[in-house]
Structures are given as C-alpha cells and as structure tokens.
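I would like the entire structure built from these sequences, with the hints used as guidance.
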Amino acid sequence: MVEAVVLASKSPRRAELLQQIGLRFEVMAADIDETPAASEDAQQYVRRMATEKAMAVVALAPNRAVLAADTSVIVDGEILGKPENRRHAETMLNLLSGRSHQVMTAVALYADGQLRQALSVTEVNFAVLSSAQISAYLATGEADDKAGSYGIQGAAGYFVQHLAGSYSGVVGLPLYETAALLSEAGIGLE
11 MVEAVVLASK SPRRAELLQQ IGLRFEVMAA DIDETPAASE DAQQYVRRMA TEKAMAVVAL
71 APNRAVLAAD TSVIVDGEIL GKPENRRHAE TMLNLLSGRS HQVMTAVALY ADGQLRQALS
131 VTEVNFAVLS SAQISAYLAT GEADDKAGSY GIQGAAGYFV QHLAGSYSGV VGLPLYETAA
191 LLSEAGIGLE
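Residues 11 to 200 in the numbering used here are what the sequence shown spells out, letter by letter.
Just so you know, the hints here were simulated from the structure itself, not pulled from any lab data. As the structure is a prediction and not an experimental result, all values here were calculated from the model. Be a bit skeptical, because a hint or two may be false.
[To be verified] Distance ranges between label pairs, derived from CB positions: (1) T101 with M38: 32 to 38 Å; (2) A149 with N73: 32 to 38 Å; (3) Y168 with N73: 44 to 50 Å; (4) L70 with Q30: 35 to 41 Å; (5) E44 with A14: 41 to 47 Å; (6) N73 with G198: 16 to 22 Å; (7) D43 with T101: 22 to 28 Å; (8) Q124 with A47: 22 to 28 Å; (9) S140 with Y186: 31 to 37 Å; (10) E194 with E36: 48 to 54 Å; (11) N104 with H172: 17 to 23 Å.
Even glycine gets a Cβ: it sits at the ideal position worked out from N, Cα and C.
Structure (structure tokens):
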C-alpha cells in the first residue's frame with residue numbers, strides 16, 4: 011500500500027478534487043515566492059511554480075510522493091494572478107468581461123526520485139459583465155484568493171459562456187492529467 015501522497019497546497023478546491031477521485035493524501039502547504047520572472051511566459055511560469063511548490067515540500071517530507079499545482083489566468087499574454095485587493099479584482103474582471111482567456115494549470119508530481127509534470131490549457135469565454143454583476147460578485151468574497159479574480163465553481167460560474175478544455179483544470183487541478191501522472195508513478199487511486 012502506498013503511503014498517502016502529500017498535497018503541496020492549502021487550496022480547499024484542490025483537496026476536494028483529489029477527494030473526488032479517491033486519492034489518499036495529506037496537506038502540507040508550500041511557502042514560496044510566486045513572482046513571475048521578467049522574461050517568463052505563462053506556461054514557463056505555471057510549470058516553474060508547480061515544480062517549486064513540489065520541491066519545497068519534498069525538502070520537508072523526503073521519501074514521500076508530493077503533488078503540487080499552479081493555476082494562472084492569461085489574457086493578452088498577461089498573467090493574472092490573485093488580486094491584491096478588491097479594486098485590483100474589479101480591474102481583472104473588467105478585463106475578462108466579454109472576452110476569451112486561457113486558464114493554465116501545471117501539475118508536478120515528485121515520486122521515487124523523479125519529477126513528472128503535466129499542463130492543462132483551457133479556453134474560457136466570459137459574457138459581458140455589468141458593473142452591478144462585478145460588484146455583486148466581489149461582495150461574495152470569492153474573488154479574493156483566486157487567480158484572475160474568479161472561481162468557476164462558485165457564483166462566477168454563470169459568467170462563463172463557453173469552455174474548451176478541462177473544467178477541473180480551471181478549478182485548480184486537472185483531474186485527467188493528475189490521474190495520468192499518479193498512474194505513471196505507480197500510485198493507484200482507491
């Protein structure tokens with residue numbers, strides 16, 4: 011029996027997704043600097059963040075399988091991370107209103123001395139949002155800790171006109187890619 015995987019994230023959404031697929035895990039959040047490098051594109055950034063989160067926890071839990079992920083919202087090549095405050099969240103939602111954007115989630119799994127990675131890229135089209143809709147959404151507090159200032163699994167779900175890709179990847183952990191990495195490492199799901 012494989013010892014429980016360590017999830018290098020304090021995200022309740024990632025934990026819920028792992029529970030959904032029956033993975034035994036424990037949580038040990040990674041504390042890293044999440045500032046994008048000057049010359050880094052979005053794909054490089056999410057891959058680096060997922061890897062750094064995994065390796066930070068590997069240092070604390072050696073000889074354990076460690077799973078980490080990083081999600082970013084990208085519009086016009088710009089990485090939209092978590093908002094600094096409500097005004098910043100409002101600016102991001104106005105930028106996404108009536109437009110298409112990408113959500114990239116990189117997954118990193120360190121197991122048996124090997125680092126494996128996967129990347130999920132999802133196209134999301136938002137409806138045109140009114141100021142009242144944005145204000146009402148911001149009042150829920152859901153935008154406060156989410157990349158791009160929205161959570162598709164919450165009240166912002168009705169902003170989405172079309173999605174092409176992985177819904178769970180937009181939530182924060184693409185289940186297909188995660189399960190494939192776990193299987194490749196010989197870690198079964200219950």
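Verification of the supplied hints:
no., hint, verdict
1, T101 with M38: 32 to 38 Å, "holds, 33 Å"
2, A149 with N73: 32 to 38 Å, "violated, 46 Å"
3, Y168 with N73: 44 to 50 Å, "holds, 45 Å"
4, L70 with Q30: 35 to 41 Å, "violated, 26 Å"
5, E44 with A14: 41 to 47 Å, "violated, 26 Å"
6, N73 with G198: 16 to 22 Å, "holds, 19 Å"
7, D43 with T101: 22 to 28 Å, "holds, 23 Å"
8, Q124 with A47: 22 to 28 Å, "holds, 25 Å"
9, S140 with Y186: 31 to 37 Å, "holds, 35 Å"
10, E194 with E36: 48 to 54 Å, "violated, 21 Å"
11, N104 with H172: 17 to 23 Å, "holds, 20 Å"
Hints 2, 4, 5 and 10 from the list above are not met by this structure, while the remaining hints are.
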